[in-house]
Structure formats: structure tokens, C-alpha cells
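Need the complex rebuilt from these two chains, each delivered in its own frame; the hints are there to steer you.
Those sequence lines, one after another, are chains D and Z.
In terms of the numbering used here, the first sequence opens at residue 1 and continues consecutively.
In terms of the numbering used here, the second sequence opens at residue 891 and continues consecutively.
For the record, the hints were derived by calculation from the structure and aren't laboratory data.
Yeah, the Cβ is synthetic: ideal placement off N, Cα and C, and Gly gets one too.
Mixed in with the good hints there might be a few duds.
Heads up, incomplete: computed chain D residues facing chain Z, CB under 8 angstroms, no partners named [stated by the list, open to error]:
id, residue
1, Glu24
2, His28
3, Arg30
4, Met31
5, Asp32
6, Thr33
7, Leu34
8, Phe54
Next come the chains, spelled out residue by residue.
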Amino acid sequence: MTGIFRALKSLFYRRRLEQDLRDEMESHLRMDTLERIAAGEPPADAQRNARRDFGVALRYAENVRDGWGITGIDRLMQDVRYALRQLRRHAGFTIAAILTLGLGIGANTAVFSIVNTILLKPLPYNNSDRLVRIVENIPASESFSGTPLRTIGMSPSAFMEWRSKTKTLSAMAMERQLSMTVTGREPVRLSGLEVSPALFSMLDVTPMLGRTFEQTEENSGSDKVVILSHGVWANRFGADTNVLGRSITLDDKDYTIVGVMPREFSYPDAQTGFWTPLALPLPNVLGLPVIARLKDDVPTAAAAAEAVNIAREFRGESAADPQPQGPPRIELMSVKDELVQPVRQPLLVFVIAVTLVLLVACVNVANLFLARTTTRRREIALRMALGAARTRVLRQLVTESFILAFLGGLIGIGLAFAGSRVFVAVGQNLARADLKRFELAGNAIPRLNEVTIDASVLLLALAVTALTGLLFGIIPALQIHGRNPIQFMNSNVGFASKVPLQFIRSVMVIGQIGLTMVLLLAAGLLIKSFVNLANTEVGYDPANVLTFKIPQPQLEYPRDRARQFQQNAFAEEVTRRIGSLNGVEAAAFTNELPMVRTFFVWLGRDIPQSKKEGRLAVISRDYFRTMRVPVISGRGFTADDWHQRPVYVINKTAAREYFAGVDPIGKTTSGSGFPPGEIVGIVDDIRQSGLEAGPVPQLFMLPHHMDAVWGQGYYFTVRTTNDVSVMVPAIRSIVRDLDPKAIVDNIATMDQIVANSITTPRSYAVLLGTFSAAALMLALMGLYGLVAYLVRQRTQEFAVRVALGAQHHHILVLVLKQGIALNVAGVAVGIAGGVLLTRYLQNMLFGVSTLDLSTFVGVSVLFIVVATVAAYIPARHALHTDPLTTLRFE
Amino acid sequence: MALKQREDRIELLQGTLDMMILQTLQWGPQHGLAISQIIRRKSEELIKIEAGSLYPALHRLEQQGWLSSEWKVSEKNQRAKYYRLTHAGKKQLLAEQSKWKQLLRAIRLVMRPVDK
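So here's chain Z without its partners, still in its complex pose (with noise of 0.2 angstroms):
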């Protein structure tokens, strides 16, 4: 789903990529290029997320109704995609939130260094 380029990116769980998404456009729509753009900021250009995986997932969060979508003119002239999270969307992103921080939590009890 997700590609790696260079060593140092991160290969992406299963799933975080549409939680991901989910969280970049809590703060209102986005088109396509604005959220990998977003992603690939806040990672610290650890995450580079390609069309192919970035697209794909959009109109599959869009079949399940988490995403609606409207062409819109950008604030730089440009016609573009915009993606706006729908109720379920937001709903499905605080699920997804709180498993995440399980999932985190989980991970640092296992990963912890062993006290002597």
C-alpha cells in the first residue's frame, strides 16, 4: 500500500494510511495533492505517500461513506478534488484514533527495555 523509496522511510501499517487521511482532513476539505503534501510535512518527510496508494484509498473511503467529494476551484486558481469528512467519516476517525492509541500502547509495553 505504502511505497518506501529511500531507507529511511517508514513502510506504513495496514490501515494507518486511511486513518491518516481521516485526521488530515478533520481540519476541513482537502484535495488529493494538499493531503499527501500535508502527510509528508507533519512525518518530517518521513512518509511519502504515492497517487497510487493516496487515490486509491480516497474513493474507497468515498465508497464507504466516510468521504464526500466535490470539484472546487483552489485558493491558487487550480480546479480541483475536494474531499470533506462526512459524519460517519468523523466518527470512524475517533474509532480509529482510540484503537491507535491501544495499538500504541501496546507496542511501547512489548517494546520496552526489560528492568533488571
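Bound-form chain D, shown alone (with noise of 0.2 angstroms):
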């Protein structure tokens, strides 16, 4: 301790020290002269005679600095001078390690920063672990899609009922998300969430400003508040404290303001803008999420038996009935893993990924320094021969591999940080892959505004590739632990090294290519996948057709059936005038957008259970024409049907599953929801919910002909002659003319959003094409070096070989042989990991299986060309050999 304290002092005291030593000398030499001189020699030879008898200065200065205690300091910072000056002269592999390193760490930083806020660490609510969601597997024999549904909803009156009898839950609340407009100065759709008033003091949360809701506030008629998110508060308020007890109009209601949220609170969402309580009853709905929270000494496994029996209760079944089979009906699960639940995969996926790219990038930085332990090995035998202590050596080359961790971990923290930032920027845009909540603002990916760079995992990133380095950076010196250093000096060959190098690179390098190759052969069929989704004929010609939404309030059947009629009107209008306008080819409005929303379902009373569901869609007269869906057989939509009796118009699909081998145009149809009617044309099949599912049974009508009120607004169609963007400005006019107070929402071309459902699966392509490119490049790297590295090695051998008649190529052949034998041996290895591995990928993958042949071909080929290119340039070096100045050099 007091030695620390004393260099330190002596590192401040330095500058002062050092001029006292001079002076002290300087007296010395003077005095001695001076009293030489009295003494009666000469002054020449007086001063030559005490500067000779006061002895080397040099070594005089050093012996005292020594007592100083700043040798250990000085020493460090020599040992950086020395291993910077090291660096700088071998450009090369510096740059080439620092690379290496700083992607190493930079992606598995970013990676695991990012798996670490989203799946692992807590929601931001207090003992957020004891909430939960109420999971119902329902299986296949009573789902109405025939195939086995996982849901968390439930019925508002099961969920009243629940509440009612539950002893296990402290606390149950519903809630049901949606976006209105909020009128006012500039009318603006806003995200929000109606829900249970018992919601709030389940998170324990207090609102910054005002109260949360009454548990009275659940009854209709005394709904009419709000709380507002802080966002919300701030941006359309201005922040002003005076707010509560303001009115609000949403979708042409009034609300009061009663509280205003804290910034950091945010549920489920951050674009959560706005909370109204959700009154209860709702008659008309099927299925609502849940969150509840356990009481504090209740066991998770009591509150999930407790779940069981509710439901069992609930569908008329005694306790004592037999349990069926398979998964359980009911399940309790926490609120964080169910929100998590569709990304798990995939980021697990991403680890792995990530993971692999780390230990190409650790088994390359193990590869740098072995290869340049050969020159490295000549240097320190020089350095120890000429004095230096082992230790010192070894502290020498450990200084070097913690200045290239320390370069590395710098680009590695700057790739984390933009790795970071793009992947939250991308995740922002990517579509919810739950169609039914697309308009919803909202992330395919949950939580990305809590990823933030995680230090601790920047700090073990770093240690494991510093490890690394450090761990092949003192093998030079290891080596030649306990030899006469001489020995290695002056030969090229026959130091038989304790570790057989070469066996060793060759192990790494195979490793290397193995696992590039379980990259690659994941990104080529995440590629594929995307290929193939990209190339599915969609059924409608999407270019140049731009789509908009205008919303419209929630309606209820039947209480608002007028209104629903004044709506269609109010749409057939706003479709006149735009087909009117200049540049129009067609225009139309429907309630189901492709690829944006499937919502009604077709249960003809006449179709067979067992067939497969279908979908029902609302179309105006043109939507075929706009959308260029061509008619098979019969007719489309025409002005006349507008007021005769319904008829309706159904895909190739339903012709095919509900009309096997009989021409269903002319026959009647009738559902719930409209009335029987005659079908009058079969279209051709279009991709309505997404380009992954294939197509599905359809039924087109008129929207007059529609019995049921759906509410929320049509998605309009507008088929242009060129430029769709320049008729925004036009449509927005026509719009504000018809209704000041309706907005326009949701603008896109139908390219953009057919673009737009694929941008998960084009995400996972790009993301691991990443990855592989990466770790591609390291492993290439790795070969060169390791063939460059052999035939350093034999460069005397090739000499001989080449003076006694051996031709070039032979020699060439012979060095690509082993660099091809490595290559064959790690795509062996790749294949076998990429069997075990893809299998991983199941759930990512479109028309591509896991062991998808070509794919797997295909990349193994490729790599073998790659690789062999990489091999070949270092080989050629052996062409060059002269035989004559090789060996003179022995």
C-alpha cells in the first residue's frame, strides 16, 4: 500500500525529483573539479578525472529511480510503448485482430442486451412476476377454424363470473385495445386501451397527476373518463397541470380527464396514449384478454388448479369428470412470458447465431497470434538471450493482447450501440405479426423501448475475446519456456514446438469453417424462405394502387344500424368523387384490406362443418376492377345490384372446398350476418390474410346486403394511371369537403403494404445474412492465414523439391490440396451441425423444409469455390519460390 502511495507520489513528485538528481550530480562534478583544481591538477584533466570516478550517470539514475519505486509505473508505460510500436509494425494482423474482436464483441453485445431486456428481465411493474394471463387451449373438435387454438381471451361475462368466485386471484381486470379520433383543433387517431378499473392499482402505479378509475366507472353511463398517457398529456395538452376535469372528444364522445400517467409508465405498450374504463356487460363480444394478479401467499400451481376448475364449472363439467387429454385447457402464465411468447424463437435463434459468430471470431484471434508465433518466437528468444526476464516477456506480450481487447472492445461498444439502434429502428417498423391488431400502433416486437446496452454483457463479450487473445498471446513464450533461447533463433525448421501448431490451426480453421457453414446454411434458408414468400402470386395487381382508411366510431348491432347505413353512403361518395378525379382508374372501399385485417367469418349454414373456414368480405361495386382480380366465371358486382335482392360473388377457393365438381353459379348461399342470395360470379383466389397462408374460402358482398354492423371505417382502394402520391393532396380535399371532422389514416401503396407483411421473415433473412457474412469473413481470413502459414512452412522444402525437377504446379497442387482437404473436412462438419441446428428454424421457414436439399447443396458448394479462392491466393506464394535464394538463406 505505502508503495503504491510512494510511486504515485513519485509520479507527481517526478519532474521535481528528476531535477533534484541533476542538480545533486551537477554539485558532485563541481565540487570534485573544484577541489581537484585546488589540489593543483589541471582543469582539463580534473574535470575528465571526477566525471570518471563519479562512473556512468546512466546507470547511476536508474539505480535511484529504482529506490523511487516508479520503475513499475515506468515500466508499464514502456511495455505500451514497446507493444504500440509492435502493433504499428504489424499493420496487419493488428487491424485484422481489432476487427475481429470489435465484431466479436460488438454483436454479441448488441444480441445479448437485446434478449436480455425482452425475454429475461422483469416488466416494469411492482412484483411484476405475480401477474398473470389466463391461457385457454382449445382444441381442434370445438374451435370454430377447425385446428387447435391457443387464446387468451375470454367472455366478458365468463370474466365477471370469474372474478366472482376466484380466491386465489387478488385482482382480475379485462381490457380491450383500440385507436379513436380525437377531435379537436387537428382531429388525430390515437392508440388506447379500455379497461377494468382494477387494472391500476394491480400494476401499483399512482397517476402524477389526478386519480385512476372507480371500480363504479365499469358501469355504462359513467364511463365517459380518461386517463392520459404522459405523451399524450404533454403533446396535446402542452403539459398543462390544470388539465383534470378538461372534456376530450373521442370518436365524437366526450370523456373527462381524471388523472394523467407518470412518463415511465406504460401498458401493455409505449404507444399506449390514452385508458377509459371498460363497462361491462358487453353482450356482443367473444373474447377479451385478461391480466390478474396472485395473491401473495397463494402458490402459482394452487391459483392454476383453481383456473382449472372455474372453466371446468364454467362448461358444465363436474370436478370428479375425467380430465382430457392433452395440454391442459386452462393455464396460468405470467403476463411477461406470454407478451414475450412470439419473438422467443427467433431471438433465441439470433443467440445461437451470435454465439457462433463469437467463436469464429475467438477461434480467428487464437488463429492471428498462433500464426505469429513463429516470427514472435525468433523476437523473444533474441530479447531473452540479450537479458530480458521471462516475466517480463510474458508481461510484455500479455500488454499486447490487452491493448488489442481494449481497440476491439471500443469498436465492439460502437457496433452494440448502432447494432442496437438499428435493430430497435427495424423492430419499430415491422408489422405486427397479429393481423388482427395491425391497426393497432403497436410492435411486432414487445418492449423495444426498454433495450438498452447492457454493461455487464459488454463486459463479459469483452473478457471472453481478451481471454482469448491473452491465451495464444503468451504461447511464443510458453514455448520457449526452459530452452537455451538460441536454439530458436537462427533455425527455420526442426524446433519441435511442445504444442504441434499446426495440428492445432488445422482443428480451429475446420472448427471455423463448421461453424460458418451452420451460418450459412441458416441464412440461405431464412433467404429462401423469404424468396419464396416474395414470389407468391398475391391474386390482385398491387402496383400502383393506393389505399387509405377513413375510421369511423365502434357501432353496435343492432342499436346503430342508421348510422351504419349513413357510413356506407357516406364511403359510395367519397369513392364517386375520387373516381371523378383526373388520373383515376377506379376506385372502391372495403372492410378487409389485404394482407391488413380478416375479421368476419363465413359460417354458411349450408357448407359442411368439416370444411375449411371461410372468410366474408365487404367489397364495393369496383373493388374487383381496382384491384384488378379477374373474374373466372360469371360476373362481378354492377350499379343494378346496388337495390335488387342480394347476390354474391365467391372465390376459386370456396367454388373448389363448398361446391365439389358442381358449378356453383346460381345456387343460393346465406350465413349469419346476411341474407340468402344467389352467386353470381367465382374471382379468382387472392392472398387475403398474409402471403404465408395459403388462400381461404371467400364470399364477396355489397356492403347494403350486410345484415351485421362492423363499424370502425372502410379501407378505400384507388387504382391511378401512374403516380399514386400525387392524389393525396386531392383525396385529402374530398374527404375534408364531405365531413371536416373525418381524417384520412393509414396512407400506403397496396406494394408497400404487400411489402410490409413480409418484413419479419425478410428481418430474420437479413439479420442472419448478417451474421453469416461475418462470421464468412473470418473464417475465410482464418484459412488464408492458416495456408499462407504452410507454406511459409515448407517454403525450403518446395526449394528442394523445386531444384530436383519438380514442376510449379505440382507444388501448387500440392499446397491446395491441404487447404482444399481442411474445406471439405469443414463443410463435413457445417452439414452435420446444420442437421442438428436448423431444425430451430422450423417456425421461420415458408415452402422450405429444415433439411431443404438444394439449399444445403447449394451453400456447401459455394463455400468449397470460396474457400478454395482463399486457399489458392497464399498458395500461388509457392509458385514464386527460387530455389536458389531460398536456400541460400540456410
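In C-alpha cells form, the structure reads like this:
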């Protein structure tokens, strides 16, 4: 301790000490000289003799400094300076090492930070691990889609009964996400949440201003109160603290502001701008999500058992009835697990991928250090022969490793920050996988707003890579251990090292190629899957089609039928006026735009239960013409159909599935929500609910033939003769003229919507493509380095061979064979790894098997070609062997 | 630590330089040159201490708190750094002296001619 203190003090006073030392030396010499002169020596001799007796000044100063205790730090600085000089001299090695380290550290820090935030960190509510969702597994036999269904929805009546029965849950809240138009200065669409008042106490939050909801506000009539998010309060109300009690108009209804939430609060996501009470009961709603909190002293298993019993009671089963096979009908799942479930698997795939990249990077660093071993060994032997202590040499090597790790770490931190920012930006543009929720602002990836770079992850990645460097950095010193350093200095060949370097390096390169192959295979499968999706026929012509939505308030059936007809008439008028604009070919509207929303089910009374579930879409007369959906047989809708008895058009799949072998035209169909009517036409299939979903049976009808009310407004489609975007101002002004309170929302071209629907698979392909490209680069570097090393090792042998008459190309083949052997071994390892690992991609692939033969073959061939080139370049150096020059070196 | 230049010079035993410096300073503060001259004179020119050994020793003894130093003007009107024995240094000197006496006695006993 005192030693350190003294050293530090010495460092601070160093200048003074040095000066003092010089003064003392001068004073000594001057006095000695003067005395010698006084004793009769000639001045010139006196000075010389004084100096001679003084001894070597340098040595003297060094010894004194030793006493000061500075040398520890001094030596460190010297090591650092020397290391920097070394690294500068071998710039190629240095840049390769730093970039490799940076890449490994950066990619890992970014991915692990993202995964840590999204999958591992608790949700930002007190005791959030006690918050649960009630998940129901509906077996295929009871599901209306005919496939097993997993849902967190519960009917409002069941919710109310459950709430009164539970003894294990301390609170339950039902929620419904919605978006509403705020009118005022300028109409805007806001995302919000209708929720039971119990939510806020359940999440243990206090509002920043005002209060949360009273239990009585869940009763219809007293539910017109609203709590604002901090963001809406700041943007819309200028952060006015007197906002409480003021009124805000949402979808034409007045709400009283009773509270403002703190900035850091978000539920269920950061896009939610307001909360209003969910009025119960809600008779016509099938299912809405429920959040609940477990009582403090209740184990999860007890709560789950109670949930199963309550659900069985609802279905009229007694507790004594045998439990059905298969997954439990009711499960309790933590809110966090349910939230992150859709992204868990892709994120884990990325974790595996990025870990492989880190491994490849570590191997590369190791390889780079080993490659330098040969040259370093001679240099180190020289230094040791000149008297450098082994510890000093070791410290020198360690210093170099640390400097590399530090510089790599800097690049890594930069990459990590940039990478996570890109991830968040890309993530925010991803369409929700769940199409029903598309209209609500929100992200396909939850918790994006919480993503930060994790310091501990960064340190870990730094440590792993630094350790690798360290481990392999000291190998040359260890090899010299216990030997006469001189023996390493002269000879190029014949030094039997303790570590069989070439073998280690070969194994490492094979491993590297194997890991890279796994990544390339995964990327190949994802890219092929994406290409499959992108090339899927959509069934209509998405070019030059502009789409937008005019949102309308939620309507209720049957009370609001009159208002629904008003909305239909409004939409008809909007399309009529847009259709008459210059440059517009046709305009139409629908309740279900392709890729955006599929909600209505066609439950025809005459359609067998066992058949595929059909879909129902309301379209205006010119929809097929606007979208260019080909009419295969019969006809589309005409102007006359408007006032006639209902007629319907079905698609090809419906004709095949429901009317096997019979011509459907002229047949009558009917279903819940629409009256019986004649089928007048068949259109081609369109991909209604996403490219990855095959076509489903569809039935199209005109708006006024729909009995049920859907509300929420229509999507409009406008086909233009050229650039679609120039139409937007004209469309806006038409809508404004018709209704100043209406807003034109979700403006997008149909091309964009189609492209958007596959952003998720595209991001998968891009991300894994990037990872595998990075790994490929590293692996090729590794291979290149090893082959170059082999060539250097055998230069003399080659020279002898050439001198004895071998042709140059024989030698090239000799070297290449070795490179290709490594290559093929690595590819074999990679294919084995791929067979084991690509199965985890199953749910991320479309139209491609996880063991797709053409991908495996293609990637292998591509890799072997590229890697052979990487081996050929250094191998060519063997060609330039000049036997005379080389042998003279011996 | 100590250097021999001529055949008749003696190589110093480890630690004896420190002891001689302390001994030299017990009569009052001296600068480095004077210390080396005093030692040379008293050893009848047999021990000649180079600056390269002397000053590290002086600085080391100062670090250990046995000496203190200050810049003063010498009797010949030259600026020089004077070293003075501290209280701890005096105690150290006493300890060294008794250790040295024991060592000398032990060596004498070992080296005396064998009695027939």
C-alpha cells in the first residue's frame, strides 16, 4: 500500500525529483572538479577525472529511480509504448485482430442486451412476476377454425363470474385495445386501452396527476372518463397541470380527463396514449384478454388448479369428470412470458447465431496470434538472449493482448450501440404478426422502448475475447520456457514445439468453417423462404394502387344500423368523387384490405362443418376492377345490384371446397349476418390474410346487403394511371369537404402493404445473412492465414523439390490439396451441425424444409469455391519459390 | 553494489555500504562527495565508492527514513545536498554496529589458524 502511495507520489513529484537528481549530480561534479583544481590538477584533467570517478551517470540515475519505486509504472508505460510500436509495425495483423474482436464483442453485446431486455428482465411493474394471463387451449373439435387454438381471450360474462369466484387471484382486469379519433384543433388517431378499473392498483402505479378509475366507472353510463399518458398530455395539452376535469372528444363522445400517468408508465405498450374504463357487460364480444394478480401467499400451482376448476364449471363439467388428454385446457402464464412468446424463438435463434459468430471470432483471434508465433518466437528468443527476464517478456505479451482487446472493445461498444439502435428502428417498423391488431399502433416486437446496452454483457464479451487473445498471446513465451533461447533464433525448421501448432490450427480452421457453414445454411434457408414469400402470386395487381382508411366510431348491432347505412353512403360518395379525379382509373372501398385484417367469418348454413373456414368481405361495386382481381366465371358486381335482392361473388377456393363438382353460379348461399342470395360469379383467389397463409374460401358482398354492423370505417383503394402519391392532397380535400371531422389515416400503396407483410421474414433473412457474412469473412481469413503459414513452413522443402526438378504446378496442387482437405472437412462438420440445428428455424420458414437439399448443396458448393480461392491466393506464393534464393538462406 | 577497479580494492559485503554511510554521518551532515571522500580516506584508499552506488544508497536510506536531506551552501560556497542522520537512523546505526561486531567475531573465529 505504502509502496503504491510512494510510487504515485513519486509520479506526481517526478519532475521535481528528476531536477533534484540532476542538481545533485552537477553539484557533486562541480565540487570534485574544484577540489582537484585546488589540489593542483590542470582544469581539463580535473574535470575528466571527476567524471571518471563519478561513474556511469545513466546507471546511477536508473538505480536511484529504482529506489523511488517508479519503475513499476515506468515499465508499464514502456511495455505499452513497445506494444504499440509492435502493433503499428504489424498493421495488418493489428487491424485484423481489432476488427475481429470488435465484431465479436459488438454483435454479442447488442444481441445479448436485446435478449436480456426483452426476454429476461422483469416487466417494469412492482412484483410483476405475480401478474398472469389466463390462457385457454381450445381443442380442434371445439375451435371454429378446425385447428387447435391458443387464446388469452375470455368472454366478458365469464370474466365477471370468474372475478366473483376466484379465491387465489387478488385482482382481475379485462382489456380491449382500440384506436379513436381525437377531435379538436386537428383530428388525430390515438391508440388507447379500455380496461377494468382494477388494472392500476394491480400494477401498483399512482398517477402523476389526478386519480385512477373508480370501480363504479365500469358501469355503462359512468364510463366516460379518461386517463392520459404522459406523452399525450405533453403533446396534446402542452403539459398543462390544470388539465383535470377538462373534456376531450374521442370518436364523437366526450370524456372527462381524470388523471395523467407518469412518464415511465406504459401498459400494455409504449404506444398506448389513453385509458378509459371498459364498461361491462359487453354482450356481443367473444373474448378479450384478462390480466390478473396472484394473491401474495398463493402458490402458482394452487391458482392454476383453481383456474382449471372454474373453467370446467363454466363448461358444465364436474370436478369428478376425467380430465381430457392433451394440453391442459386452462393455463396460467406470466404476463411477461405471454408478451414475449411470439419473439422468443427468433431471438433465441439470433442468440445461437451470434454465439457462433463470437466463437468464429475467438478462433480467428487465436489463429492470428498463433500465426505470429513463429516470428514472435524468434524475436522473443532474441530478447531473452539479451537478458530480458521471462516475466518481463510475458508481461509484454499480455500487455499487447490487452491493448488489442481494449481497442477491439472500443469498436465493439460502437457496433453494439449502433446495432441495437438499428434493431430497435427495424423492429418498430415491423408489422404486427397478429393481423387483427394491425390497426393499433404497436410493435411486432414487444418492449423495444426498454432496450439498452447492458454493461455486464459488454464486460463479459470483452473478457471472453480478451482471454482468448491472452491465452494464445503467451503461447510463444511458453514454448520457449525451459529451453535455450538461442536454439530458436537461427533455425527456421526443426524446432519441435511443445504444442503441435499446425495440428491445433488445422482443427481450429475446420471448426471455424463448420460454424460458419451452420450460419450460412440457416441464412440460406431463411433467404430461400423469403424469396418464396416474395414470389407468391397475390392474385391481384398491387402496382399503382393507393390505399387509406377513414376511421369511424365503433358501432353496435343492431342499435346503430341506421348509422352504418350513413357510413356506407359516405363511403360511396367518397369513392364516387375520387373516381372522377383526373388520373384515377377506379376507386372502391372494403372492410377487409388484403394483408391488413381478416375478421368476418363466413359460416354458411349449407356448408359442412368439416370444411375449411370461410371468410367474408364487404366490398364496393368497383373493388374487383380497382384491384384487378380476375373474374373467372359469371360476373362481378354491377350498378344494378345496389337496389336488387342480394347477390354474392365467391372465390375459386370456395367454389372448389364448398361446391365440389357442381357449378356454384346460380346456387343460393346464406350465413349468419347476411340474407340468402344467389351466387353470380367466381373470382380468382387472392392472398387475403398474408402471403404465408394459403388462400381460404371467400365470399364477397355489397355493403348494404350486410346485416351485421362492423363499424370502425372502411379501407379505400384507388387505382391511378401513374404515380399514386400525387393523388393524396386531392383525396384529403375531397374527404374534408364531405366531413371536416373525418381523417384520412394509414395511407399506403398496396405495394408497400404487400412488402410490409413480409418484413419479419425479410428481417430474419437480413439478420442471419449479416451474421453469416461476418462469420464467412472471419473463416476465410482463418483459412487464408493457415495456408499462408503452411506455405511459409515448407518454403525450403519446396525449394528443394523445385531444385530436384518438380514443376511449379505440382507444388501448387500440393498446397491446394491441403487447403481443400481442410475445407471439405469443415464443410462436412458444418453440414452435420446444420442437420442438428436448422430444425430450430422450423417456425420461421415458409415453403422450405429445414433440411432443404438444394440449400444444403448450394451453400456447400458456394463455400468450397470461395474457400478454395481463399486458399489459392497464399498457395500461389509457393509458385514464386526461387530455389537459389531460398536455399541460400539456410 | 560496489565496484573494484584495481586489484587491491575490496568488494564490499552486501549491506556494508549502508552501514558505512550511516557511520560517516554520525559526526554531522555531509554531502555525497564528502561522504565518498571520507570513506576513501578512512579506508586508506582501499574502498572507492562510485556515485552510481553511493547515491542510490543515499536515496534508499532516505526512503527508509534513516536519513533526511536538504540543500545548503558548503564551506567552499558551493550549493550541495546535505544528508543528516535521523533519530531512526541513529538507532539503525547502533544495530548495524553490534551486528557487524558479531559478524567480525564470528569470521575471526572461523578464519583463525588451527592450534596444533
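So, going through the hints one by one against the coordinates:
no.: 1; hint: Glu24; result: 5 angstroms, holds
no.: 2; hint: His28; result: 5 angstroms, holds
no.: 3; hint: Arg30; result: 6 angstroms, holds
no.: 4; hint: Met31; result: 5 angstroms, holds
no.: 5; hint: Asp32; result: 6 angstroms, holds
no.: 6; hint: Thr33; result: 10 angstroms, violated
no.: 7; hint: Leu34; result: 7 angstroms, holds
no.: 8; hint: Phe54; result: 5 angstroms, holds
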